[in-house]
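Undergrad: The primary structure of each chain is shown beneath.
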Amino acid sequence: MKTIEQTTEEILTLAATHFKVPRAGLQASDDFYKKLGIDSLQALELLTRLENHFGVELPDYEVQGVSDFSTLASRIQSRL
Amino acid sequence: MGMLDLTKYESLGAALRDALARWPDEVCLIEADREREKSRLTYRQFQEAAEPLAATLQDSGFAAGDRAAIIMTNQPKWLISAYAVFFSGGVVVPLDYKLSAAEHLQLLAHSKAQVLCVEYPLWRAITQSPSFQEHQLRKVLVTEAPPNADLASAQRWEDFHADRAPEFRPRLRIDMACIVYSSGTGGHPRGCVLTHENYLEQCGAVSPVFPFCPGSRYLSIIPTNHAIDFMGGFIMPFTGGGAVIHLRTLRPEFIREAFTRYKVTYMAVVPLILKNLQRGLKERFAALPAGKRRVLDLLIALNRACTKQQPRLGLSRILLKDIHKAFGGELRALLVGGAFTEPTLMEFFHDLGIPIYNGYGCTEACTAITLNDLKPFRPETVGRPVRGMEIRIITPDADGVGEVAVRSKTVMSGYLDEPELTAETLVDGWLMTGDLGRVNAEGHLQLFGRKKNMIVTAEGKNIYPEDIENTYEGIAVKEFCIFAANYVWPQRTMTGEQLLLVIRPEPGHVVDYALRAEISRRNGLLLNYKRISGYIVWDQDFPRNAAMKIRRAVLAEEIGKHLDRSAMVSL
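Protein chains in written order, with my numbering: chain Y, 12 to 91; chain X, -6 to 564.
It cannot be assumed that every hint is accurate.
Stated by the list, open to error - Cut-off 27 Å, straight-line C-alpha distance, at most; resulting in silico cross-link-like pairs (DSSO-like, lysine-lysine): (1) Y:46 <-> X:444; (2) Y:45 <-> X:454; (3) X:105 <-> X:132; (4) Y:45 <-> X:132; (5) X:275 <-> X:444.
FYI, nobody ran anything at the bench for these hints, they're computed from the structure.
Here chain Y stands alone, though its shape is the one from the complex:
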């Protein structure tokens, strides 16, 4: 079982790869809309990447209103 720190770390790495930004520039507390300059549909695209990586399914409503990496990590963690 992964720890929440590991989950968060993997999310940050995947987000950096997916949106082609340096991993070092991302932190768990970051607002991903602002930091990555993405819209809500791009956020959903990221979510699919994360689902495939972690092997979980997250309904769209679970991430409604979520805008920072650490909350996203806890939502994923709870389904691992």
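Given the coordinates of chain Y, work out where chain X should sit on it, guided by the hints.
TA: Positioned in the frame of chain Y, the structure of chain X alone reads:
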């Protein structure tokens, strides 16, 4: 058998009842989740699902004219619930599932809904809200609840059984059919009261342009609580015998897949989704080898030349076969609405031979006011008035630009329990839209920004600045207020709209790091599309009326006169 002749009906309930009887064996609803298909219903099965629900509602004392709210994502049970309410003579209150639980409770109270049909996760959030105890709901039906879930006082939507047939309750055209909230919450929720006549007239005006018949398929992406999807993804397809496809996820890749899997005929999108589709196509084009790319560019140029005067779908499907295949190959119209769409974005699709229709409308007018006819393609306009719609430009300036006012049988009867707002908006039978426009020589409407203090996001959300002010309540300033930046500095554009916080600091104080940080923190509490883009500092007291309310128009004008847009500090 063609579309129903809506002129002979008095209510949505009566028209839909006939529709169900007319095409019993045609598919009306398909529900897909990712790559799985969850369910498929014929019109007969739809009726079999709705009637026991109607009987349950009626047994619980739900009377003609009573109100039932629906808070669900786009799915079959949304439409089944709505039909059961209309069948029982009730009023549907569609609420935006993306609102917070507190906002849901506020609108449930405002609409005086007695019944609620709601999805389980949304209901769970509502019951956890501090103001939950005060609700006035008589019956709550919860869909998809897990087997051992605690539903509080609610019942399972799937559990109802009825031992008798429900009674059909006729309504008149002038009766209320829906209360649709065109914008949020805040002090004055704008609940548009729409009558059966409004919907029947609108459907009758728009259906000939986008005709549905058995075999037509509409992909439903825009939330069904939105006027566009309610019309395009429910009333229009049903009264024509078409099918509606619901997706349980709005991930762009599954939307793309749905096109090909279900060979979609029509789809309505907001500009944000269109931009996403464009990005996907551009990435595919960029990945092509140079030779193939040159051929594609030539074909696009050829298609553009051939479709200048009007769409030639058959030809475009041959010229740009792969692209049309990616859209399922049977797409007849992609409708873009809900917010202003940039002409270049529309041109991109038009050049590919994808028939892209824009228009202009608002919930207050029951959706569409104008529609573009593509003969020829004029992306710089929002098209001609739909049948039965009159447009007037109020006090036009030298360029012919003034406030757009409209009159039609589709215009709402008013905002629920808001007589002042209604009196400002409906003047002598004309709906004052608050948008600035001009009708050109060909009779097409062009829009040039807004007169009112609001913005519309690319997701089609109307945001009134007053509604988000409470988020900043208590910040360490003397006073503050929020404006649409274009309201302070009028610009002849509908794009790039931003919200602006105006700060009047305490005397002798400046905006320091701590205050900035606090503003940023509060801003972060808002959903991303409701956030302010920046602030300005104003060094005079705000003008106020006798009731101490800020005189916003006066303040905006003063700021506009003395400060430049560049004074705005980004957050």
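Undergrad: Failing hints, ascending?
TA: Checked against the structure, the hints that fail are numbers 1, 4 and 5, while the rest are satisfied.
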